[in-house]
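These two chains come separately, so use the hints to put the complex back together.
The lines below spell out each chain.
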Amino acid sequence: MKSGGSLSIWLFIGFSLLVNGVLIFGAGVYEVFHPPMEKVVLFHLHANVWWGGILAVIGAAYCIYFAPGKGRV
Amino acid sequence: MTLLLASETSSRLVHLSPVDLVIIVFYFALVLAIGFYLKGRSNTGEDFFMAGREMTAWIAGLSFLSANLGALELMGWAGAAYQYGILAAHWYWIGAIPAMLFLALVMMPFYYISKTHSVPGYLKLRFGESSRALSSVSFAFMTVLMSGINMYSMALVLKIVLGWNINFSIIVSSATVAIYVTLGGLRSAIFNEVLQFILIWAGALLIPILGLIDAGGWSGLKARIATNASAEYTHLWSTLGRFDGNPMGIHWTGIVFGLGAIISFGYWTTDFLVVQRVLAAKDLRSAKMAPIIGAGFKMIVPFIVILPGLLAIAVLPMKLTGEAQAIATGGHSYNEVLPLMLARYCGPGLLGLGITALIAGFMSGMAGNVSAFTTVWTYDIYRALIKKNGSDVHYVNMGRWSTVVGVIISVGTAYLVMDFKSIMDYVQALFSFFIAPLFGTVILGMLWKRATSKGGFWGLLAGTLSSIGMWAWVKVDPTALRYVALSPHARDMAENMYRALWSWVICVLVTVVVSMLTAPKPESELKGLVYGVTEIPSEGDVSVFQRPWFWASVVGASLVAVNIFFW
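Residue numbers (the numbering used here), protein chains in the order written: chain A, -14 to 58; chain B, 92 to 658.
A portion of the hints provided could be inaccurate.
Distance condition first, Cα-Cα at most 25 Å in a straight line; then the derived SDA-like pairs of lysine to any residue [what the hints assert, rightly or not]:
#  : chain 1 : residue 1 : chain 2 : residue 2
1  : B       : K540      : B       : S615
2  : B       : K410      : B       : F394
3  : A       : K24       : B       : L104
4  : B       : K410      : A       : L27
5  : A       : K24       : B       : P299
6  : A       : K24       : B       : L303
7  : B       : K313      : A       : L27
8  : B       : K130      : A       : F0
9  : A       : K24       : B       : L107
10 : B       : K373      : A       : S(-7)
11 : A       : K24       : B       : M409
12 : B       : K130      : A       : C48
13 : A       : K24       : B       : I304
14 : A       : K24       : B       : S424
15 : A       : K24       : B       : I115
16 : B       : K410      : A       : E23
17 : B       : K373      : A       : G54
18 : A       : K24       : B       : I300
19 : A       : K24       : B       : D305
20 : A       : K24       : B       : W292
21 : A       : K24       : B       : V113
22 : B       : K373      : B       : Y486
23 : A       : K24       : B       : R315
24 : A       : K24       : B       : L112
So these bits of chain A aren't anywhere near chain B, every CB distance computed over 12 Å [what the hints assert, rightly or not]:
#  : residue
25 : A45
26 : I49
27 : A52
The set of hints was computed from the structure by calculation and includes no laboratory data. On a predicted model such as this, the values are computed, not experimentally measured, just so you know. Cβ atoms here follow ideal geometry from the backbone N, Cα and C, with glycine treated the same way.
Okay, chain B solo, but in the shape it has when bound (with noise of 0.2 Å):
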């Protein structure tokens, strides 16, 4: 281990002492542990896959955000809040909080009453077994691609930052995430993110506490970036009135329309990943909460990846700038914000803590995938396609042999991401082709009892067809752009936003054509699944201050002041 470790140290941001290598090293034995104790908790299907359904609001709540704290999350906005200002804010609250919310409220029933074990489940049951195995074969290749990009961004800092081997930081990440979730399934996962998260926050809070003191207060920050780069960077929505008008050459209708109404509500109403966390809650009105604690949590999470990015424009005495630049040039690339800030303020034991927060984060998120492929593969295709009449124990073994086999395989996802480094480019587009069909064909089945099962299979295909087809138009002629993202100024974040937009109003259409020239189920089929035929059950005799509308008003008022605050 020692020599892996000091294989390539030459080129290291910062080094760590003893004591940052014992909090570390102990980190890892922590995980290991809650995996092992909840072993003997992860027996039957409904433990391994669902957590026993027996996770408390908070519990759950917590873990459907830290799943999504990825290594994307973390030092990919970082840097983008360097690249581009507090727009990058959007994506955690505009993109994020009005979906939770709705989630909450309006559909978290439905999931929670069919008792389904996951998103592709629902599908089944409301148009049939074609659109569960369309969705869960995109879904599970999407989550081993995505859980392998995050591996292998996780080897490249851990390599970048302290110098680490790649290979071992790859052997050892995924060895743990594979014993742990192996060994207590869901629960293994959710437990752990619950605690990532935690390590996450007391790792990165000190970043934005001692840069803020460093710059002088939220003043003196916004004068040093009016001074280092432009005003325009601290400016939520004053400057989205044209695309060639703020730095990430985006119009706010792509923010409002493509961000907030359809990629957001796609990737948190129907991203399996993060609608798992919230199915393992052990009644509904948990089940409805955890996704409004989540929010409120969520909408503090720019305070330790977007002002990171922020104040380092302010106070870093480099330039950062591009991966390829940096590479040519021996400087640093956007995505080192957060290795530099903590470089910069943290000393023995804390720089510590907070490369474990980024570990944690990289591999919060990877249990997040693999956990999700696991339920997926072994219900959705597994019994659904090859073994329909497995018993109970079959089906455990199968989730905890798939644990090993789609951890194997996002190593070697990381492996090929290593030799075609353009696939990192094409993640969010990936996510785009899957989640904001998914969220057209999901909505329309819960909300309107006319959707057939031809009209639900036949949109979610169409939708997935032509955002693929938009996406190969603008690579095969990129004048195309001005077309799909509606001005030739945009770059890829916006196209990204306008193709989920097409593709999900293709979706729409579709769904409803064939739905209206084909026959429709009975409604009695449709109980505890669509709007209007479902009798949703009282949430009790509570307090104002226990119900899940209460809350959801809370954040959603806090979400209109801070968007007013930053305009």
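Extracted from the complex, chain A is given alone in its bound form (with noise of 0.2 Å):
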């Protein structure tokens, strides 16, 4: 990353929706196996899995549309 180049926000955006996805499903996942005491309402749900997967795969899908080198902004 040099300062003063081009980088898209949107490359920013699907980084930030990767990790914070990755690490949202990963938390689900663990639930999935190691209940919590208290859960939440609708916890049979398991919001944090599908909604941390979709989150990463939209920002996977991002960070490849917009890396670094394809001109796109």
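In structure tokens:
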């Protein structure tokens, strides 16, 4: 990353969604196998698993599409 | 840091897991990284203050909306929806969309063609230095105050929700905003606002989705609200026939003429905080498309702000109250709706992202205020009144310093608000003092070539003073409410709507009368500034799907549809 370069803002957003998605997905999978004592409402839907997965997939797609060198802004 | 974090943990609403903290720290690291990355692209005044005027319509449009998604928006309107029901959605639909479309199609060409750096800068070109001085000083004052309120609101939320020390929250958030705006100027603010906008949606969207499942869908939600509160809470227009027929104590005339016609048009078309983002667009078509894209997203923001408030009425086991009563009884206040709903549905990771969404909202609002203050201070106050012939580098340095000073003043304002909490109540009133008459001055300047410099100045001054006068009148004599707001049953919100309407009318009347008595500018000096003497550049040979009017029609039709659906 060089100062004054031309990385797209969408690359930063993709990276953010990817990292957050992976972290949330991982936390959700851990909870599936180690259910907490105090569960949130609708725990059985495992929202952090599928929501984390969705964010990670969208983030990865943005990272690939707006990767440096492709000229997309 | 750990000590500061742990210093007030006894009364926290939620408990964060390590993964939640990692997500929050990652957010702060990323916004700072963007600031450092963009440092090399903010060396000239055009770069630092106008982001090089090279933003695409999407980036300018999302930033335009994100700058508005501050503390009062996210926390305040979710609480207002719990308190007033779906009536709060008026501030997102009739109270925003028509004005945003008007800005795009009618006003943007004049802002953009004149190549002004700011709204006060447009007033200088159209009406002269005195109008610019009046509007820039009032705007700078209002902006740092709003920024401080935003900061205090965030710190208060983090204290209530997470038990974080209030000084720690203020120092960390303000230092972060100061660093990334000082380094990268408007471009950094805009880039971070787009990131913050996406994170707000990623973090907040699950609440209405899970809430609707929990409540049994829309019909189940309405049934529960009818039981827990009143069926009126889910009607947008049908209860507005009488002041005492709805929880807000407002009449439809106040919503249509006060909010929809004046406050909304004033804010979305003349508040430089939002207009600045559109001025950074790369060409006129992008500048016209940006507010339309913003309007499209604005229309669905109630899904993550208003709907959680309504869902809270249906599903929360406790009854929320006003701030004072909550403190006295140890209960929860209206403003805690979003954190309470987050705590209800979000486990580890999701909770961290939800809290990040709230912090992102606060920071985007604060950065918006600070970057707008910096531009108005440097171009419209410092360069216009203090040092007229400085170099471009000198003004960029002044911009960087004024960013830091603006943040410091905001911090001071935040602490002032802590000691004098009633100031929070005056924010909306302050807004109506300056924005409503400013809209009268700008719109007459753009659409009526006969408006003169003296007419513009005296109209703006009379509108502002009359608005302050009406507010003081009601404070001194509460029975005056029946004259200002047309009913003794009107509440604070209704009073603001009508006061804005009258101050706009007074501004317009004074401008017209004074203009008719004074000499107008020759038409040659009005080119690029006024409708009728300005040639609007063609949008080029583009398809109908690329034309602003087409998408404005789609958004306008959608606005009519949602209002009928929720009638």
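Self-check item: Hint check, failures only
Solution: none
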